[in-house]
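Q: So the chains spell out like this:
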Amino acid sequence: GQQLNQSPQSMFIQEGEDVSMNCTSSSIFNTWLWYKQDPGEGPVLLIALYKAGELTSNGRLTAQFGITRKDSFLNISASIPSDVGIYFCAGQLEQGAQKLVFGQGTRLTINP
Amino acid sequence: DAGVTQSPTHLIKTRGQQVTLRCSPKSGHDTVSWYQQALGQGPQFIFQYYEEEERQRGNFPDRFSGHQFPNYSSELNVNALLLGDSALYLCASSFFGRGTEAFFGQGTRLTVV
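Chains A and B supply the protein sequences, listed in that same order. Residues 1 to 112 (this note's numbering) make up the first sequence, in order. Residues 113 to 225 (this note's numbering) make up the second sequence, in order.
Please note: incorrect hints may appear among the correct ones.
What the hints assert, rightly or not - According to the in silico footprint, chain A covers these stretches of chain B (three or more CB under 8 Å from chain A): (1) 148–156; (2) 165–177.
Unchecked claim - A few chain A residues that don't get close to chain B, going by computed Cβ distances all over 10 Å: (3) Gly16; (4) Ile28; (5) Glu54; (6) Asn58; (7) Asn75; (8) Ile110; (9) Pro112.
Said to hold, decoys possible - In silico DSBU-like links for lysine-lysine, alpha-carbon gap of 35 Å or less: (10) Lys138/B x Lys125/B; (11) Lys70/A x Lys138/B; (12) Lys51/A x Lys138/B; (13) Lys70/A x Lys51/A.
If you're looking for bench data, these hints aren't it; they were derived computationally from the structure. Glycine residues also receive a C-beta, built at the ideal position from the N, C-alpha and C atoms.
Could you put together the complete structure from these sequences and hints?
A: So, in structure tokens, the structure goes:
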């Protein structure tokens with residue numbers, strides 16, 4: 001089945017540092033999404049990308065939909081303690097389809 | 113406006129038993145999808161329900177079945193539980209055809225012993 005390879009698996013950074021994580025696939029995706037999941041909660045959508053090459057920001061978060069439609073990255077600038085959590089990329093193969101394919105996640109830990 | 117609500121939050125079952133998990137979608141949403149999230153992994157799509165029918169299914173055995181009611185709420189049933197079924201089960205709701213705008217519930221943590 002389809003797989004998304006997300007890296008790195010974990011990150012340990014100092015507060016105030018910038019963060020970058022990415023996701024790649026062997027399949028072409030129609031849409032790329034980035035979620036954050038806190039302990040005991042479901043994933044919460046951060047950014048949605050709908051066009052190849054699209055660059056979208058949400059506050060300190062910036063994400064891009066790769067030109068090949070097989071990759072995406074998420075950057076977080078000036079990290080703060082509440083950024084701690086697990087970040088997932090997800091892709092949608094067909095427009096309008098409900099099924100999302102998720103990466104394995106990147107666990108972000110911040111040292112104050 | 114209540115978001116997606118799932119019940120129960122935690123559940124412990126014995127191998128071979130059957131379990132039913134419940135989901136109430138966000139107000140106005142008509143489509144419910146179920147995901148299984150094993151520890152340390154991303155969610156895996158189980159199936160999606162719209163208009164009380166299963167519309168799309170992931171790579172899960174027939175032991176996993178579901179139902180959607182006229183009020184759009186949904187149930188996930190798992191028969192003949194295996195130890196490997198232990199996971200967080202997530203429900204996501206959306207408008208049909210707008211899966212990228214889905215909202216997730218907090219999940220049901222199922223432990224099979």
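Q: Run every hint past the structure and note whether it holds.
A: Each hint tested on the structure:
| no. | hint | in the structure |
| --- | --- | --- |
| 1 | 148–156 | holds (count 5) |
| 2 | 165–177 | holds (count 4) |
| 3 | Gly16 | holds, 28 Å |
| 4 | Ile28 | holds, 16 Å |
| 5 | Glu54 | holds, 13 Å |
| 6 | Asn58 | holds, 15 Å |
| 7 | Asn75 | holds, 20 Å |
| 8 | Ile110 | holds, 20 Å |
| 9 | Pro112 | holds, 25 Å |
| 10 | Lys138/B x Lys125/B | holds, 28 Å |
| 11 | Lys70/A x Lys138/B | holds, 31 Å |
| 12 | Lys51/A x Lys138/B | holds, 27 Å |
| 13 | Lys70/A x Lys51/A | holds, 12 Å |
Violated hints for the displayed structure: none, as all numbered hints are satisfied.
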